[in-house]
Amino acid sequence: MEFIVFVVAAAGALAGGVGVIASRSPVRSALSLLLVLGNLAILYLLLVAQFIAALQVIVYAGAIVVLFLFVIMLLHMRSGEGRIEKLRWQRPVSYALSVVFLGALLWAIWTGTETQVAVPSVGFGTVESVGHSLFTTFLLPFEVASVVLLIGIIAAVVVGRPVVPPSARAHLPPPE
Amino acid sequence: MIIPAQYYLTISAVLFTLGIVGVLVRRNALVIFMSIELMLNSVNLTFVTFARQRAAIEGQVAVFFVIVIAAVEVVVGLAIIIAIFGTRSTVDIDDVDLLRG
Amino acid sequence: MPGLIVLFPLAGWLINGLAGGRLAPRAAVMVGSASVGLAFVVSVVSILDPRVWQDGITTRLFTWIAAGEFTVEASLLMDPLSALMALLVSGVGFLIHVYSAGYMAGDPAQTRYFAYLNLFVASMLLLVLAGNLVVMFVGWELVGLCSYLLIGFWFERERAANAGRKAFVVNRIGDAGFLLGILILAVTVRSLDFVHLADAAASIAVPVATVATLLLFVGATGKSAQLPLYVWLPDAMEGPTPVSALIHAATMVTAGVYMIARLQALFLRAEMTLSVIAAVGALTAFFAATVALAEHDLKRVLAYSTISQLGYMFLAMGVAAPSAGMFHLTTHAFFKALLFLAAGSVMHAMHEVIDMRRLGGLARPMRWTALGFLIGAAALAGFPLTSGFFSKDLILEHAFAHAQGGLSLLLWIAGVLTAFVTALYITRAAILTFAPPPSHQDHPHEAPPTMTWPMAVLAAFALGGGIFGARAVGAPLLHALEAFFHLEAPSAAPVPVLALTIVSTSAALLGILAGFTLYRGRRDVSFGALGNFFRRQWFIEDLYDLVIVGPSKRLAHFLAETVDIEIIDGTVNGVAAGFKRSSAALRRVQTGYVRNYAAVVLAGTVLLLGYWLTR
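Quick note, the sequences are listed as chains A, B and C, same order.
So that you can map any letter, position 156 of the first sequence is 181 in the working numbering, and since no number is skipped, the others follow by simple counting.
So that you can map any letter, position 71 of the second sequence is 383 in the working numbering, and since no number is skipped, the others follow by simple counting.
So that you can map any letter, position 531 of the third sequence is 1805 in the working numbering, and since no number is skipped, the others follow by simple counting.
Hints are computed from structural coordinates only; laboratory data are not their basis.
Treat the hints with care, since some could be wrong.
[What the hints assert, rightly or not] Reference listing, derived: stretches of chain A covered by chain C, where coverage requires no fewer than 3 residues with Cβ under 8 Å from a Cβ of chain C: (1) 45 to 54; (2) 64 to 78.
[Said to hold, decoys possible] Chain C is nowhere near these chain A residues, computed Cβ spacing over 10 Å in every case: (3) 174; (4) 179; (5) 186.
Fair warning: this is a prediction, and the values are worked out from it, not measured in the lab.
Each residue gets a CB set at the ideal place from its N, CA and C atoms; glycine is no exception.
Please model the entire structure based on the sequences and the hints provided.
Below, the structure is given as structure tokens:
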């Protein structure tokens, strides 16, 4: 049973992945990303990571992809890849390197990983266990992460401000 | 674990590679960004797999942080993309070549 | 006390040189002349000190070089010989300063002129008062520098600048020999002090003395314009005429003669050198006299005349008659300076024209100048009872006495022939310049008193200076010097004085007569091919151009163009260009495309991965 779920979810994730990079329209890429995220959430559940699965759906699928869609619609354009590719060697080199890379990874995975599986304790992967670790062992990174969030908000506001040309500033109140 | 860890790791590896190909081959800035998110997610899968294999909750904590930081990164990154490409007609990343030597 | 003699003109140079821009020209003239005048006064006072006549006064200023046993002091020596020279330099120098006040009036760079002139007098006094060869060499080089500065005084004129350079370079060649001579003496005798050298001379090995003295003589040929290094002196006439009078007639060019007189003991040890000196002197005297006969420029005639008369002085040195040589040096200073000052007066009146073919008829409007020139000419020619008569005669006597028959008699013969040519050329010069009919339409006027009074003083000495050396009057100068030159070799054989005097006087009078005959009415007689030979200075300068100057210039061009520009600049620029090319090539790595950079990152990652996995 678990195996079937795994296969379905895996296939979905892979299909989504291909869709992200191969779609003509960016909206389709965003929706393929959504597919990937959803299937990955299922895989997390299989791996006894309930909290993370929930987090994935809420934050990633729910917020980040929405953000992407907003921006795509804001910028309102096609991918623009009808134009001639300026870097001729980019594609072949990229494919070659990627294949080699994948090969190396797979080789490392299938010959290196140990098969001993530890038995998880009761309550593994629950909100309590993750929270307990967050607020004791990883307290400092937790606080830093919240600061980073704050910085991100400020940065987004600053970077996203519209640039007013100098001549147009004349009828604005002078900066203090 | 009924399904051995290597299977999950394989999926992770493939997703990662797909993400790399996306970054290198596609020219649309937003698609490149999405490929980066793909790569981050594949890493998350790896973390969770090993957390399960070793029964160590620290793996999932790491994923927690990755998700948080990825969120921030997306926000800031998209703001930058809008700032750069806001006035142009395409989001072709090859157009941003001012640092050409 | 002797230090003051040098110090006064030095102070004059400093004042005029540093503050001259702010001084009125008249003030500069005053400072310059006064400093030399003071030097003269101190010189006169000095010779009243009896110590000068015994062992000489040595003034030690400080120890300059102390290298183990070898020491060189900065010292001055005042004895009869240096006193004579100091009096001559400061006295004639003062007269010429006064003359210059008139001659250079109106020149915008007057202050610079007087500053240089002061520096020259100071350097020359340092040279003659030096207590050892090193201090003398310092003075030697300094006068060379001043000569360069003053010849090229009007440096905007290309000819003057070239002449200054030529003087300096040729002098340098001589100075190289001089320096080598000094070094040999330093290494062998281990002392360069004149007193020590004189005492130690008898014990120096003859070959060493010969080599050292020959090298020192090379220096003398340069500074005193003898063959083969005379070529700078005729060109030096580009400088102001008072400069020619002072430096290139009376003082600097006599430095070589003085140096040999100073080191008399050493030179007596090297018989071969003395023969060389006498031969060179006699040959140069004759050679220069013939060239003077063919020159059209009055100052160049006088320049060659100086070379010729210096030849006489060296002849005297070479036949071991240093007091005769110094006597002629003194009389020559008087009449040659006089001749130059008269020539300057002519130039002043004729708007810088000095080509004798364009002069003439100046005797009536410029009486005093003409008289001065005439007196100087008579003394130069050796007209009886002038100063030049006594001094030249004395030299010829010694030359005859020195000759032991055969070749050395040639020296005397050359001397007599030269006397004839001398009288001839100076008569020619006098006639062409002053006699009617004039070749011009000008109305020249006489020089101002500031120029004529010095001429008068010099004329008096040119006429009456014979007293110093006339045997009939006891020859006070000669006796004074002979006491100093106590190492002078005695005359070999008794000499028929009267007969010799008649011979040399006849030569002079014949020359004057021939001059009047040939050049009457200002005809310029050319002697055809022989004249051309003389006019081209026996083709010596052409030979130099061919063998030395031409190849040197070609070498210089080669080095400047090929070596410097192509090879060295090419290499340096080539290195720079190479860097530019390599950087241009490397710059292509910075494509500006994010995707390229990402691909490179991936490539690096793959490599690292490969390394780790296969370790």
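Status of the hints after comparison with the structure:
no. : hint     : in the structure
1   : 45 to 54 : violated (count 0)
2   : 64 to 78 : violated (count 0)
3   : 174      : 26 Å, holds
4   : 179      : 25 Å, holds
5   : 186      : 24 Å, holds
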